[in-house]
Amino acid sequence: MALDRLTGENSILFARSEQLFDYARSKSLWYLAFGIACCAIEGLMSASGPRFDFDRMGVFFRASPRQADVMIVAGTVNRKMAETVRRLYDQMPEPKWVVAMGACASTGGPFREYPNVVLGVDQIVPVDVYVPGCPPRPESVQYAFIQLQKKIAERAKERVDAARG
Amino acid sequence: MLRVADVERLVAGIEGAAASEERLGIVVRVGRGSVEETLAQLKVAGFNWLVDLLGTDTGEHVEITYHLRSYEAGQDVFVKTAVPYDGELASVWQICPAALMPERETAELFGLRLSGHPNPKRLLTTDGVEPLLRKDVAVRTPEEFRR
Amino acid sequence: MSDPRYEVYEAGLIGEGMHEPPVLPAGLRRSPSGVDGLRTEHLVVNMGPQHPSTHGVLRMLVEVDGEEVVNAEASIGYLHRGIEKLAEHRRYDALGTLMDRGDYVSGIMGELAAALAVEQLLEVEVPRKAHWLRSLTSELNRIASHLVWYGTFGLDTGAMGQFLYAMRDREAILDILEAISGQRMMFNYVRPGGVVRDLPPGIDAKIRAFVDGFENVYLPEHDALLGGNEIFQSRVKGIGVITREQALAFGLTGPNLRASGVRYDVRANRPYAAYPELEFEVPVGETGDAWDRYLVRMEEMRQAARLIRQLIDGMPEGPHAAKVPKVLRPPAGEVYAAVESSRGETGVHLVSDGSEHPYRFHYRAPSLFALQALEEIVPGHLIADVVMIIGSTDVMMGEIDR
Chain Y
2 MALDRLTGEN
12 SILFARSEQL
22 FDYARSKSLW
32 YLAFGIACCA
42 IEGLMSASGP
52 RFDFDRMGVF
62 FRASPRQADV
72 MIVAGTVNRK
82 MAETVRRLYD
92 QMPEPKWVVA
102 MGACASTGGP
112 FREYPNVVLG
122 VDQIVPVDVY
132 VPGCPPRPES
142 VQYAFIQLQK
152 KIAERAKERV
162 DAARG
Chain W
465 MLRVADVERL
475 VAGIEGAAAS
485 EERLGIVVRV
495 GRGSVEETLA
505 QLKVAGFNWL
515 VDLLGTDTGE
525 HVEITYHLRS
535 YEAGQDVFVK
545 TAVPYDGELA
555 SVWQICPAAL
565 MPERETAELF
575 GLRLSGHPNP
585 KRLLTTDGVE
595 PLLRKDVAVR
605 TPEEFRR
Chain L
2 MSDPRYEVYE
12 AGLIGEGMHE
22 PPVLPAGLRR
32 SPSGVDGLRT
42 EHLVVNMGPQ
52 HPSTHGVLRM
62 LVEVDGEEVV
72 NAEASIGYLH
82 RGIEKLAEHR
92 RYDALGTLMD
102 RGDYVSGIMG
112 ELAAALAVEQ
122 LLEVEVPRKA
132 HWLRSLTSEL
142 NRIASHLVWY
152 GTFGLDTGAM
162 GQFLYAMRDR
172 EAILDILEAI
182 SGQRMMFNYV
192 RPGGVVRDLP
202 PGIDAKIRAF
212 VDGFENVYLP
222 EHDALLGGNE
232 IFQSRVKGIG
242 VITREQALAF
252 GLTGPNLRAS
262 GVRYDVRANR
272 PYAAYPELEF
282 EVPVGETGDA
292 WDRYLVRMEE
302 MRQAARLIRQ
312 LIDGMPEGPH
322 AAKVPKVLRP
332 PAGEVYAAVE
342 SSRGETGVHL
352 VSDGSEHPYR
362 FHYRAPSLFA
372 LQALEEIVPG
382 HLIADVVMII
392 GSTDVMMGEI
402 DR
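Chains as they are written, first to last, in the working numbering: chain Y, 2 to 166; chain W, 465 to 611; chain L, 2 to 403.
Hints are computed from structural coordinates only; laboratory data are not their basis.
The beta carbon of each residue, even a glycine, is placed where N, CA and C say it ideally should be.
Non-contacting residues of chain L with respect to chain Y, defined by C-beta distances greater than 10 Å in every case (computed):
(1) 42
(2) 200
(3) 232
(4) 310
(5) 313
(6) 314
(7) 325
Simulated restraints, written as ranges between beta carbons of each label pair:
(8) L:229 with W:467: 49 to 57 Å
(9) W:610 with L:287: 50 to 58 Å
(10) L:202 with W:538: 40 to 48 Å
(11) W:538 with L:287: 18 to 26 Å
(12) L:272 with W:500: 28 to 36 Å
(13) Y:127 with W:585: 30 to 38 Å
(14) W:500 with L:165: 49 to 57 Å
(15) L:46 with W:497: 38 to 46 Å
(16) L:288 with W:577: 34 to 42 Å
List time: in silico EDC-like cross-link candidates among lysine to aspartate or glutamate, alpha-carbon distance up to 20 Å:
(17) Y:152 with Y:123
(18) W:599 with L:357
(19) Y:97 with Y:155
(20) W:507 with W:470
(21) Y:151 with Y:19
(22) W:599 with Y:114
(23) W:599 with W:552
(24) Y:28 with Y:129
(25) Y:28 with Y:54
(26) W:507 with W:536
(27) W:544 with W:524
(28) L:207 with L:314
(29) W:544 with L:354
(30) W:507 with L:246
(31) W:544 with W:486
(32) W:585 with L:377
(33) W:599 with L:89
(34) L:238 with L:300
(35) W:585 with W:550
(36) W:585 with L:74
(37) L:130 with L:199
(38) Y:151 with Y:95
(39) Y:158 with Y:19
(40) L:324 with L:199
The following block holds chain Y by itself, in its conformation from the complex:
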């Protein structure tokens, strides 16, 4: 078990609370079931299907933003959608992360010429990981989650270092 690896032979673990919480967070990244366009089929549906099976990494979907940690922006965001994306982000509890999945969410993708399309979701919400592709394969999204876990671990380290002074 993971805890054994941390504690070794002894059954007592000394850790800073930030470290422990961030460890738990990185292993249970629940994403918001919010598919916008094509990428949702790959990044949310295939991902929770039997082949890619994100559940085994502790990554699975929540229907409500209030229970979600990660927002996968899977699709083109236009000016009508922008307000909803921002609202959903605001409703998610801290700490929260955003994955911009696919070319559309990153830059506007093949639709960037259309004046109604927002040029990348980072104009609306802060993005942690960008996934290239149109659409990215579910493996790419898996990789994005691994990168996110690394980012969380780094943040834990920074916070511990800051506390030590």
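Chain Y is already provided as a structure; the job is to place chains W and L on it using the hints.
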């Protein structure tokens, strides 16, 4: 199979209606005021299925195309009319309920006013977005979308 | 508003006028029945655009009287990304990429509609093998698309298992399509003049193995898992009835129209690609309720498997594409071409002015017409049935908003 002459006979009483055989199929061109009458007459003749409704910016006006189909005859007829820019698109939903949403979409994307519609709100975009399918509304240039 | 979090609102990135109260159309609507003359205050419930069961970014404004829906209005446009406008700035051979992203779970059929329209303008003769490859990929894609519908429709009723089984089979199809075209979803395989490449060696055996398994084991299993479930049956039978007259009046096509008893299938009534040479049945329903739509789609998967078998057995020899110029400049003209996609008649209305870009490109989306029929049929049902009815019509927001 219906021929142009048959369709011409169907729309004979309507002022300014002219049927012709084009690449697209049988096209009936009518004035803006007699669209409803034409569609009603064609509906009686079996063309009761509105397959599609679209607008085209021809450079002088917006051309509205009603794509009708007769299930029994297995044939399509296209009714075309011209609406000036900022003109009024008269709703035909009482004859073809299928026109409800395509009409809203066409009116919005070509900047037309919609009259006689039960719900003439914008359909696809938010307030203040220009009529995007007009030819004079440009798309973003590479300088604009490269950040 | 000096908070940096609200900068997006100030920058004008976010639209206005989103929260006005709905103006609901009068005239077409049924009057509320009410229970024993009891009236409660009407409440407008907002579903979407983020909702687990609206199949994309559909927003439904549902006015309820207690549990009963009095009025429903669909608010769309959350995925409007200008496929029609952008097509005017694309070359003719690139229209397929846009169509792929319209109806994104049945991309091949969208590409085919665009390619057929361009070919009509160019008057180019497509080799026989290209026709067969187009039909083969279309039918594979149809099964994949119906499996997505099957899985999510079950989710709407509260079941979970069938989704995993549907995804398992869909992955098998995507593997085949990926081997053929190179991509899992945005195939870009059908181009004006033919298809991009021939079948890779050894794929026939794979397709045969898949069809054998699907027809004999997996499809009966799917049908038993969901259709044989009494809870599912009692939830879908009798709800969302679309009569034959309503279906024609609202311009429905595809499985939704056929479930209402109208035997119209573009593959049979206006054959294209290899369909004139193939044998298949067009299933129709009787009452037009959600259960009939379920049965029609299940039967369509069976027929698609039958078609794939014929297509693999009779695959002709020869070139897979006609010789067409690199830059296509079709002569000026206006054409309409349609295919039977998994949602209905996907049509492309194309106007050319003789240049290398289309003058006007219109995408006839079958789901748009299904959606406006929803506004009419949802009133009178219980609020719990709304997602079931949406799910049963298999609307796809990518092609509704375009």
